[in-house]
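4 protein chains.
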Amino acid sequence: MDLTAPTMASATKTRAVYVLTTGGTMEKVYSERTGSVANLDSKIGRYLDLLRLPDCQLNVVPVMNKDSLEMTEQDRILILGMVRAILRENASIVITHGTDTMVETGLYLQRALPQLETPIVLTGAMTPLGFEKSDGLQNLTESLLAVQLLRPGIYVVMHNRVYPVHRVRKDHALGRFIWTDAESQ
Amino acid sequence: MDLTAPTMASATKTRAVYVLTTGGTMEKVYSERTGSVANLDSKIGRYLDLLRLPDCQLNVVPVMNKDSLEMTEQDRILILGMVRAILRENASIVITHGTDTMVETGLYLQRALPQLETPIVLTGAMTPLGFEKSDGLQNLTESLLAVQLLRPGIYVVMHNRVYPVHRVRKDHALGRFIWTDAESQ
Amino acid sequence: MDLTAPTMASATKTRAVYVLTTGGTMEKVYSERTGSVANLDSKIGRYLDLLRLPDCQLNVVPVMNKDSLEMTEQDRILILGMVRAILRENASIVITHGTDTMVETGLYLQRALPQLETPIVLTGAMTPLGFEKSDGLQNLTESLLAVQLLRPGIYVVMHNRVYPVHRVRKDHALGRFIWTDAESQ
Amino acid sequence: MDLTAPTMASATKTRAVYVLTTGGTMEKVYSERTGSVANLDSKIGRYLDLLRLPDCQLNVVPVMNKDSLEMTEQDRILILGMVRAILRENASIVITHGTDTMVETGLYLQRALPQLETPIVLTGAMTPLGFEKSDGLQNLTESLLAVQLLRPGIYVVMHNRVYPVHRVRKDHALGRFIWTDAESQ
Numbered sequence: 007m008d009l010t011a012p013t014m015a016s017a018t019k020t021r022a023v024y025v026l027t028t029g030g031t032m033e034k035v036y037s038e039r040t041g042s043v044a045n046l047d048s049k050i051g052r053y054l055d056l057l058r059l060p061d062c063q064l065n066v067v068p069v070m071n072k073d074s075l076e077m078t079e080q081d082r083i084l085i086l087g088m089v090r091a092i093l094r095e096n097a098s099i100v101i102t103h104g105t106d107t108m109v110e111t112g113l114y115l116q117r118a119l120p121q122l123e124t125p126i127v128l129t130g131a132m133t134p135l136g137f138e139k140s141d142g143l144q145n146l147t148e149s150l151l152a153v154q155l156l157r158p159g160i161y162v163v164m165h166n167r168v169y170p171v172h173r174v175r176k177d178h179a180l181g182r183f184i185w186t187d188a189e190s191q
Numbered sequence: 007m008d009l010t011a012p013t014m015a016s017a018t019k020t021r022a023v024y025v026l027t028t029g030g031t032m033e034k035v036y037s038e039r040t041g042s043v044a045n046l047d048s049k050i051g052r053y054l055d056l057l058r059l060p061d062c063q064l065n066v067v068p069v070m071n072k073d074s075l076e077m078t079e080q081d082r083i084l085i086l087g088m089v090r091a092i093l094r095e096n097a098s099i100v101i102t103h104g105t106d107t108m109v110e111t112g113l114y115l116q117r118a119l120p121q122l123e124t125p126i127v128l129t130g131a132m133t134p135l136g137f138e139k140s141d142g143l144q145n146l147t148e149s150l151l152a153v154q155l156l157r158p159g160i161y162v163v164m165h166n167r168v169y170p171v172h173r174v175r176k177d178h179a180l181g182r183f184i185w186t187d188a189e190s191q
Numbered sequence: 007m008d009l010t011a012p013t014m015a016s017a018t019k020t021r022a023v024y025v026l027t028t029g030g031t032m033e034k035v036y037s038e039r040t041g042s043v044a045n046l047d048s049k050i051g052r053y054l055d056l057l058r059l060p061d062c063q064l065n066v067v068p069v070m071n072k073d074s075l076e077m078t079e080q081d082r083i084l085i086l087g088m089v090r091a092i093l094r095e096n097a098s099i100v101i102t103h104g105t106d107t108m109v110e111t112g113l114y115l116q117r118a119l120p121q122l123e124t125p126i127v128l129t130g131a132m133t134p135l136g137f138e139k140s141d142g143l144q145n146l147t148e149s150l151l152a153v154q155l156l157r158p159g160i161y162v163v164m165h166n167r168v169y170p171v172h173r174v175r176k177d178h179a180l181g182r183f184i185w186t187d188a189e190s191q
Numbered sequence: 007m008d009l010t011a012p013t014m015a016s017a018t019k020t021r022a023v024y025v026l027t028t029g030g031t032m033e034k035v036y037s038e039r040t041g042s043v044a045n046l047d048s049k050i051g052r053y054l055d056l057l058r059l060p061d062c063q064l065n066v067v068p069v070m071n072k073d074s075l076e077m078t079e080q081d082r083i084l085i086l087g088m089v090r091a092i093l094r095e096n097a098s099i100v101i102t103h104g105t106d107t108m109v110e111t112g113l114y115l116q117r118a119l120p121q122l123e124t125p126i127v128l129t130g131a132m133t134p135l136g137f138e139k140s141d142g143l144q145n146l147t148e149s150l151l152a153v154q155l156l157r158p159g160i161y162v163v164m165h166n167r168v169y170p171v172h173r174v175r176k177d178h179a180l181g182r183f184i185w186t187d188a189e190s191q
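So the sequence lines, in the order shown, correspond to chains G, P, H and X. According to the numbering used here, the first sequence is numbered sequentially starting from 7. According to the numbering used here, the second sequence is numbered sequentially starting from 7. According to the numbering used here, the third sequence is numbered sequentially starting from 7. According to the numbering used here, the fourth sequence is numbered sequentially starting from 7.
Chain G with its partners taken away, still in its complex shape (with noise of 0.2 Å):
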């Protein structure tokens, strides 16, 4: 019997999950001195205690923590490093991230590895976690569940979806991601 991916094959053993946070609205916290949110400090490992990962060894890495509206290529090219250390391990990788600026980070990893052999799942949030109606732990939850079963490849996992990164778009007046059209790569 075979599941659907090869990565499925070791599912009975211990998996090393990275969770390469970058900021984003996920990561956005109320500062009571300004009255206003900003990506002040990484909190996403405190909402990674609410789940349950059993036989998951996670490891969450804060790479740097930015509206994703301010990104540089810097900062594109310190990620691909760390995914590239990463991908020696033969571990799982999801990657936190700004929705704004989400895909193209996607389309930039998928460009300089080429011969992927395992998933990388991008993720973020709409509303920070931790505030009311966030989808923060959602996008989380899933991302973390996805990445066991997808085959290689860069992808897009938000709001009970799993879109391919060359096949997806912010749409900002619905506020989520959209499919796009091309099928091409």
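Hints in this document: simulated from the structure, not taken from any laboratory. Computed from a predicted structure; not experimentally measured. A couple of the hints might just be wrong.
Identical copies go unnamed one by one, so any copy, or any two together, can satisfy a pair.
Here are the computed lysine to aspartate or glutamate pairs in the EDC-like style, where the Cα-Cα straight-line distance is at most 20 Å [unchecked claim]: (1) 72 to 110; (2) 176 to 187; (3) 176 to 106.
Starting from the structure of chain G, add chains P, H and X where the hints point.
Leaving out everything else, chains P, H and X in the frame of chain G:
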């Protein structure tokens, strides 16, 4: 490009998903009158409302509300009947179920449905939805994603893990599901 | 036996309580469209529903929804008018208000209502209702209790403290209210 | 200008507050092993951490952790001993207690402490802290405020109401406390 399972072929369309609820710990409520927890009313709908499920035509069907230790052969026949009816619609199916006999029900469905063409996911909880430290919403979130990605078959999805139903058993001492050794179907 | 304030004399009857909402941090919501927090809709009702208030005829009156730094003389006249109308009903009054000018509004009401025969409580929040670490529901809960126990006068109730309005000021560095030294009214 | 109770005279100083915990519904936890709720560990500290209590020297003293129906004369003697010790420190006292015999314990303390010079507040919950729709944190919040405002005496504070202990009884049908008719002590 293809994704992990045939069901993803139509991933860009609106999907019908059925959540059949049968009770179990996930749906237990605290009764102020008795000072104990019991299966009184279906409450999954309230928690599913916390999730963002765009393009998803969600149907919650309360089939019964029982502690799974009290589930009878008649109950399993009823569940099977509901499943058969939904399979005709080509919709995804998630079944919420008490953990004590979840595998038993899953194996029963597997025997009765040898030609299954879609995945069916069974899930539940160790602590009721809405109680501190509950795993209920995590398991629902994971199941609603997994049912889109998995190949045809019957699965238990809990705690960030996907188990084919014939490969899993509940470990009462650990308070969670673990792999069985049997490799054969 | 007597209790602390004359208002307790009728404690066994159903009480009318008015919550006048004027906005401030307590009612700010996170806007996914702008990625910032703002006073858009009155949301206190949703949170008051989480409290058990038997024998309490609760009336939530959204007067305005403003950051208190933008509150004008006209706004204070409007609040005073509402207060005068309610005082005729002999009901309790809680006013939710931004913290930056809460004391200013309180002193304004104190000057305008020298013969006050009931207590009026002003409250607010440092972090919006429903955001992680919010103090909003705590302050609402405290205010709804305090307004039953206090003697006539105008008070700020926040963070487990009761301050007569002429004895308190917001300390912006500490991010909370503190006692002033002045003992005189 | 004076406030409602003599205790407010020193309101500007840091106050010592003792929370004596004795168990009851407020502290029940859901046990995954047994599938039922029980008094296993004191958990009030975790919830008090959610409140902002500046200038408050809070001492949580777990005295016992019992369903109040199982509370014995020996248990009440123990509580009384703790109360006497704290009264020497001139600190405020809140006692968390199961609702079924809360009034009985309160009347016992009232008989034993005829010369009481501070208020003592008894509180509890109908649904455990941290369970959906719990009234636990509301009642704790109210009690910590009331104990600063009330005149010497023994009170039950629950659900936005303050009852002198000889004026209240639990109504099991309504699932809450109600006034008794007796006016005399």
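Taking the hints in turn, this is what the structure says about them:
1. Within a single copy, residue 72 and residue 110 get their C-alpha atoms as close as 15 Å, which meets the 20 Å cut-off; across copies the closest is 38 Å, which misses it.
2. Taking the shortest Cα distances, residue 176 and residue 187 sit within 20 Å of each other inside one copy (13 Å), while across copies they are farther apart (44 Å).
3. In this assembly of identical chains, residue 176 and residue 106 lie within 20 Å of each other by CA distance solely inside one copy; the values are 7 Å within and 37 Å between copies.
Figure legend: structure checked against the earlier numbered hints; every hint is met.
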